[in-house]
Amino acid sequence: MKNFSIQVNGKSHEVNVPEDMPLLWVIRDIIGLKGTKFGCGQALCGACTVHVNDEAVRSCTLPVSAVGDKAVTTIEGLSEEGEHPLQEAWMEHIVPQCGYCQTGQIMNAAALLKKNPSPSETQIEEEMAGNLCRCGTYNRIKAAILSVSSST
Amino acid sequence: MNNNEHIPFINKALGKDQSSLFRPSRREFLKLGSLAAGGLLIGIQVKCSGPSKDTSTFSPNVYLSIDKDSTVSIIAHRSEMGTGIRTTLPMVLADELGADWKKVRIEQAVGDEEKYGDQNTDGSYSIRMFYEPMRKAGATARYMLVKAAADSWDVDMKECTVKDSAVSHASSGKSASFGELVEAAAKLDLPNEGGVELKAFKDYKLIGKDVPIYDLKDIVTGKAKFGADVELPEMLVAVIGRSPVVGAKIKSFDKSKAMEIQGVQEVVQIEGSEGIAPGLDKALPGVAVLATNTWAAIKGREALQIDWDLGENQDFDSGKQLSEMLQRTAGEGQTRRERGNFAPANFLQGDAMEKTYLAPFYAHATIEPPAAIANYADGELEIWAPTQHPQWAREAAAAAVDLPVEKVRVNVTLLGGGFGRKSKPDFVAEAAFLSKAMGKPVRVQWTREDDLHHDFYHSHSAQRIRASLDGSGKIYSWNHHTVFPAIGATSNPDELHPSDGEMGLGALDFPYNIPHIRLESHESKAHTRIGWLRSVSNIHHAFAICSMLDELAEKRGLDPIDQVLELLGEDQTLSFEDEVKGTFGNYGEPYEKFPWETARMKKVVKKVAEAAQWEKAKREGKNIGFAAHKSFLTYVACTVTVDKDSKGNLVIPEVHYAVDCGVAVNTDRVRSQFEGGAQFALSLATSAITFKDGKVQQNNFDGYKIIRMPQAPKKTYVHIVESQEKPTGVGEPPVPPFIPALCNALYKMTGKRIYELPLSV
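Chains D and Z supply the protein sequences, listed in that same order.
Start counting the first sequence at 1; every next residue gets the next number (the working numbering).
Start counting the second sequence at 1; every next residue gets the next number (the working numbering).
All clues stand as given, with none of them false.
From chain D, some residues computed to sit far from chain Z (all C-beta separations above 10 Å):
#1 Lys11
#2 Glu14
#3 Val52
#4 Asn53
#5 Asp54
#6 Lys114
#7 Ser120
#8 Ser150
Label pairs and their computed distance ranges (CB to CB):
#9 Lys115/D x Asp571/Z: 53 to 59 Å
#10 Ser118/D x Met749/Z: 30 to 36 Å
#11 Ala143/D x Lys163/Z: 30 to 36 Å
#12 Asn513/Z x Ala143/D: 40 to 46 Å
#13 Ser256/Z x Gln123/D: 47 to 53 Å
#14 Ser150/D x Glu620/Z: 31 to 37 Å
#15 Ala143/D x Asn699/Z: 31 to 37 Å
#16 Ser118/D x Gly703/Z: 32 to 38 Å
#17 Ser118/D x Gln327/Z: 56 to 62 Å
#18 Asn116/D x Lys692/Z: 41 to 47 Å
#19 Gln123/D x Gln724/Z: 43 to 49 Å
#20 Lys115/D x Met353/Z: 51 to 57 Å
#21 Glu92/D x Asp254/Z: 54 to 60 Å
Derived DSBU-like pairs: lysine-lysine, alpha-carbon spacing no greater than 30 Å straight-line:
#22 Lys705/Z x Lys692/Z
#23 Lys257/Z x Lys2/D
#24 Lys355/Z x Lys692/Z
#25 Lys114/D x Lys217/Z
#26 Lys11/D x Lys223/Z
#27 Lys602/Z x Lys748/Z
#28 Lys217/Z x Lys142/D
#29 Lys142/D x Lys225/Z
#30 Lys209/Z x Lys142/D
#31 Lys2/D x Lys440/Z
#32 Lys225/Z x Lys440/Z
#33 Lys217/Z x Lys115/D
#34 Lys142/D x Lys714/Z
#35 Lys715/Z x Lys142/D
#36 Lys249/Z x Lys692/Z
#37 Lys647/Z x Lys115/D
#38 Lys249/Z x Lys436/Z
#39 Lys622/Z x Lys607/Z
#40 Lys115/D x Lys714/Z
These aren't lab readings, by the way, just hints derived from the structure by calculation.
Beta carbons are placed, not taken as given, at the ideal position from N, Cα and C, and that holds for glycine.
Based on the sequences and whatever the hints tell you, model everything.
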């Protein structure tokens with residue numbers, strides 16, 4: 001067990017956890033933010049996607065010891081009240097079915113748009129390929145991202 | 001042990017269509033949840049057709065309340081797993097009532113059979129069964145509010161109108177909100193059923209439109225509560241090492257290394273089910289590691305050493321069983337349906353074609369792995385779980401801790417996908433047992449590996465179809481053999497043939513006008529837990545039938561769509577009863593209420609051909625495939641086009657579905673089910689679960705491959721037939737025709753027919 005001071009959604013959290021505890025479980029079990037989801041534990045499904053600085057990372061395989069003082073953003077910190085353009089686009093397109101993977105999808109898409117504000121359809125497909133949706137909402141996710149892309 | 005009562009498509013229909021209104025007590029209302037109990041309370045008890053246990057009456061109740069601030073609260077008694085049902089049923093009530101949809105609050109029901117009847121959200125029947133009761137409940141409340149208004153204004157009820165949660169009287173200019181009327185309305189007698197009139201279809205503002213789901217904002221902001229999201233004080237997290245082979249027993253285990261992991265509090269053995277037919281509702285034998293957080297529990301489970309006696313399934317090899325099953329289809333099976341005369345001499349004439357079709361085991365792989373929270377305290381048990389079947393969860397949890405069901409409360413969270421997996425309450429039973437053992441709240445958390453290794457799998461299957469043509473080239477006979485381990489075998493090892501229920505999913509109801517038809521099933525054993533997965537046996541039956549029809553059309557020099565229209569024949573209502581040996585289930589509905597109408601199928605076939613520009617696509621040499629399949633009483637036709645990208649990867653530019661589901665209640669959710677259904681089916685066509693040495697060989701999403709965004713069809717168009725027929729389900733019907741339509745399209749591209757799934761693409 002070790003003490004870590006991690007920055008989540010602009011707030012500093014002191015946690016006493018094993019060094020190898022993945023950021024996902026620190027966020028969910030220790031800090032108590034439940035919007036970041038567990039899907040596979042192997043960085044294969046993207047349900048646990050958060051931002052570390054501005055990069056989308058799979059929190060289920062990132063040990064807390066590797067986070068350092070970088071800024072972690074979860075879905076709860078993406079916007080105050082769901083007014084991020086992607087969240088609005090997700091509502092406009094009624095993207096979710098069960099909804100479980102969607103916070104990870106939104107976080108991944110938000111990081112993508114930060115890097116590339118006007119991605120092509122193919123770029124969206126490639127960049128979102130790490131996020132699984134079992135209900136099959138891929139077309140609406142793509143449409144929602146395209147609708148806020150600065151090229152449209 | 002017989003779990004069949006919980007399998008929706010196996011149950012018999014009750015065929016009752018009565019309902020009665022009643023007024024629940026305020027106390028009863030408060031017990032239902034946090035509904036406002038201040039204003040007008042209405043319950044409606046509906047006896048309707050559908051799955052039922054033999055011993056109890058199927059009498060679901062619909063509850064609503066209207067508060068003094070005009071808030072309308074409606075209880076959603078079906079589980080939300082992505083179909084939108086938690087939105088759509090209350091929406092039906094609200095529309096009939098004339099409520100302002102923005103002021104409607106939806107409250108999720110707990111599991112309670114007495115109050116809600118069978119809550120198993122499965123079998124695509126929620127809309128089919130509750131469309132009418134929800135409208136009646138809404139119309140009743142509207143009647144009482146209008147009566148209260150008309151009485152106080154001393155005007156004729158017929159002159160009053162209802163809109164946006166208010167009653168108005170145009171000529172006097174009087175108007176009152178629902179909230180202002182509830183006190184007076186609550187004092188009125190309930191109307192008798194004949195006194196309540198439903199609105200004309202054209203007057204609906206929500207029904208038949210695109211209505212966003214109720215939980216939309218909570219989902220996109222991360223506030224929506226799924227199974228693992230409930231937090232209780234002092235709660236422990238359990239991760240369980242379960243029997244790697246069904247039927248295995250624990251010889252011994254060593255917990256010492258697990259106990260060394262920081263955060264691990266205790267290690268507890270779960271006796272669980274016994275034998276090779278472990279049932280659908282029991283925990284598997286296992287050893288649970290309980291810790292203060294999930295990571296410690298995962299690490300603790302890794303450190304456990306369990307010595308298993310693997311039992312008689314330890315040699316199970318799915319490939320070997322599938323070959324044996326295929327062999328068996330060459331012999332004579334048990335006849336399940338027969339038309340005409342199958343004397344061998346009858347088939348010496350004309351041309352014959354015989355093909356075989358193999359499909360693998362599938363896992364549900366919901367992105368939310370099973371999880372459940374239990375709190376056993378003071379002789380009572382409270383559960384929070386993403387369950388499709390809250391009552392079965394309640395029963396299984398009660399049995400696991402030896403409490404009467406009345407002492408168990410099951411709260412239903414949102415489900416991160418269900419597809420049939422979360423009807424089974426094994427994971428809830430685990431949580432209940434462990435909470436009692438520890439005297440603390442416990443969350444059982446399944447990992448992805450647990451989920452793929454210990455599912456209730458969709459059966460692998462072997463089929464053989466032999467068809468012959470007569471002298472004029474018409475299809476003369478159709479002999480379909482099917483074999484797959486039955487769901488019933490999970491509870492009863494002596495069930496060697498698929499049940500009538502499973503045969504009724506796309507095989508017994510083969511609708512085509514062919515003079516000689518014989519359907520035979522063959523024996524096979526279950527060596528794992530078999531369950532039901534989105535559209536169940538329709539998956540493999542449609543794959544074989546629609547693939548074979550496409551190949552036959554080619555042999556006959558016919559267009560496959562023309563052939564299907566030819567085989568459907570005149571507009572008529574089909575009858576299977578005289579030909580089926582055993583029971584024809586018709587998805588739990590009386591046949592006369594939901595018969596097989598060839599005209600409705602012909603309509604969707606023609607519609608999809610037109611929308612997909614079938615003739616033009618063929619002329620242009622596009623690789624386009626077609627299939628049509630009715631399931632869950634919904635008529636569906638589908639086309640799929642395929643192509644290859646520059647790297648040689650499969651691309652699906654376009655999918656078209658035409659669907660007749662009667663009234664399309666929430667058109668957006670109908671479309672979303674079909675868009676998603678195409679993607680779900682594509683995953684089925686390209687993935688497989690296999691067993692070796694009795695164990696599942698796929699561990700995570702690298703082995704069991706769900707399609708990703710680049711593989712998804714680029715466009716999926718859903719063409720809904722405008723209809724005033726009784727609504728039918730849309731959750732499952734998109735899946736079956738997609739796979740054969742895809743295979744038929746791939747044949748155009750590669751020149752190779754597909755007889756075995758998964759596809760290699």
